Amino acid sequence: MARGIGGIAAIFLEEHAVLEAARKTKSEGFTKFDAISPYPIHGMEEACDIKRSWIPYVTFVTGTIGLVSGLLLTWWTSAVSWPINVGGKPFFSLPAFIPIIFELTILFAALSSVGALFYACGLPKIDPPVIDPDLTSHKFAIFVPENDTGYDVAKLERMFKDLGAVEVKKVAEY
Amino acid sequence: MIKRNQLIIGNKSFKDITDDICAPVERFPSKGWVGLFLGAKTLLIFYIFVLGMVLANGMGLLGVNHPVAWGTMIITFVFWIGIGHAGTLISAILFLFRQKWRTSVARTAEAMTVFAVMTAGLFPLLHTGRPWLDFWLFPYPNQRGPLWVNFRSPLLWDVFAVSTYATVSMVFWYIGLVPDFATIKDRAKNKVRRMVYGALSLGWKGTARNWSHYEMLYLLLAGLSAPLVLSVHTIVSFDFSVAGLPGWHTTIFPPYFVAGAIFSGFAMVITLMTLVRIGFPQFKDYITIDHMEVMNKIIMTTGMMVGYAYASEFFVAWYSGNPYERYAFLNRAGVPGTSGDYAWSYWIMVTCNVIIPQLFWFKWARRNIPTMFIVSIFVNIGMWFERFVITVTSLHNDFLPSNWGNYAWSFWDGAVLFGSFGMFLTLFLLYLRLVPAISIAEIKPVLDVGKDKKGGH
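Heads up: the protein sequence lines correspond to chains R and C, in order. Counting from 1, one number per residue, gives the positions in the first sequence under the numbering used here. Counting from 1, one number per residue, gives the positions in the second sequence under the numbering used here.
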């Protein structure tokens, strides 16, 4: 969701109410709406039609890069750049290099996955607009941006009120 | 069907949870906290002085000598690294096993991990003797050849393992904190707190799309941390077991060290949690006696694993037929005919680690706060002595009697050991005041566990 888009937000007090509202909003044909909650809600991905996160692919690829980097680093420094005979062991002594390779695999995979989260969620954001400060504590919301197909303030307001929203408000930008 | 106890007691609403957990961050500190903090901070200042003296005068200030070249710093390094492991076990491995009780203690246990690794990390860096050259530990292109580090050395594996562990633990901890920082920001009444926690929260909004990625990342980091934590103490044990010294050169070391690390770490979690429950009484609804009991069961189990490892080492020493190996172990226990100089430390270790935790067979002991506090202190002492036994008794009498000697324990050894608690406790006390000590976003989904109305699982 790009920054600066206005829209309409409905506030709910119950987890099942917001889940129900998300399902209803989806069945009404909206695609760009989002649900805001203080904690991850079980079943919300299906309700909002969110695809499975692609971060694991990043983890796998960068983990593999870490593994190959570790292998290349240990091999090139110990067997190519300046080979030193340590206790008669082979220059390329793979079993002894495994701890290094393993640690670099984990390090690359973990840090890149966090980077991927930052990219996916657009973090860090400086002073993002807040619909309601209680949305990180005990309230839930559905936000429908004004550029979504079939956006109609009056119709949406009625729908959310029927679904049990305690408050429906226009949001200048989110 | 066996009924499950409620994870969180007191019929909390979501708002109550937020209020309870944010309270220590938002109000002025209590007298108790200030008292503890002044004590810990004074100890930290003393520690800085002690490390300054060690830095200025060199390692000779400590009791390390020939043949006992590894002393307090290495012992205390392994001690603190081990403490850290319980935090990762709780936050990552118990998460993968879907143990929902972990939610209440995961945040604080992870904080303990981060601070314990920070405390531990100083020791090997200072133990190099010339810590201002410690950047030589990393393989970077240099003008000395380039001369590279020796990747065949367990000490270098340790550099990679501990630095990776420290980095990933901190990142994992911070990612868990991001939604909670956003909560504090949104509640903040004053401008400075809003700015500081707003910056820390990175602008987290909590949309369903964000949560979807977030949960996936959390699972991935847990999956990466689980093998990582096992690898770290395995590699720490390689520091000893790859050497050819009797008493060190055994294949049992990696699992033995990992079990010992989890054992000591859970003891430290119990020590800290009993104190947190006294300092912040509202947390008693989240960290219940049930939570403490589960952890005490883990302490007893891992304590017996460690006891099994002690016994197994003796058996293998006898079965190997190696006279040096046999001597090393008989000497540890102080059997007549050996020097037995450090038998007292061996028996302190056995008493604290194997005998005292047996108290947890009794349910009243597992559920009694003063009892578990005392046992956890004994386990902490015992696990420090375990590393003392492994390091010092193995080194002091090795192959040639003409090469034997004793560790020259000095005032500075004790000062380094006790001072390190100053560093750890100062960080931990600051954490309790600056960061929500229980994960707000993670605890809300487990609110219904064990409640009759909604069933739970």
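No wet-lab data here; the hints were simulated from the structure. Keep in mind it's a predicted model, so treat the numbers as computed, not measured. Keep in mind that a hint or two might mislead.
In silico DSBU-like pairs for lysine-lysine, Cα to Cα no more than 30 Å straight-line [unchecked claim]:
{"no.": "1", "chain 1": "C", "residue 1": "Lys191", "chain 2": "R", "residue 2": "Lys170"}
{"no.": "2", "chain 1": "C", "residue 1": "Lys189", "chain 2": "C", "residue 2": "Lys297"}
{"no.": "3", "chain 1": "R", "residue 1": "Lys26", "chain 2": "C", "residue 2": "Lys15"}
{"no.": "4", "chain 1": "R", "residue 1": "Lys26", "chain 2": "R", "residue 2": "Lys155"}
{"no.": "5", "chain 1": "C", "residue 1": "Lys15", "chain 2": "R", "residue 2": "Lys169"}
{"no.": "6", "chain 1": "R", "residue 1": "Lys125", "chain 2": "C", "residue 2": "Lys189"}
These stretches of chain C come out as covered by chain R in the derived footprint (C-beta under 8 Å, 3 or more residues) [unchecked claim]:
{"no.": "7", "stretch": "137-150"}
{"no.": "8", "stretch": "247-259"}
Only some residues are given here: those of chain R computed to face chain C with a beta carbon under 8 Å [what the hints assert, rightly or not]:
{"no.": "9", "residue": "Ser53"}
{"no.": "10", "residue": "Tyr57"}
{"no.": "11", "residue": "Val86"}
{"no.": "12", "residue": "Ile106"}
{"no.": "13", "residue": "Ser112"}
{"no.": "14", "residue": "Val114"}
{"no.": "15", "residue": "Leu123"}
Ideal placement from N, C-alpha and C gives every residue a C-beta, glycine not left out.
query: Where does the structure disagree with the numbered hints, that is, which hint numbers, in rising order?
result: Checked against the structure, the hints that fail are numbers 2, 8, 10, 13, while the rest are satisfied.
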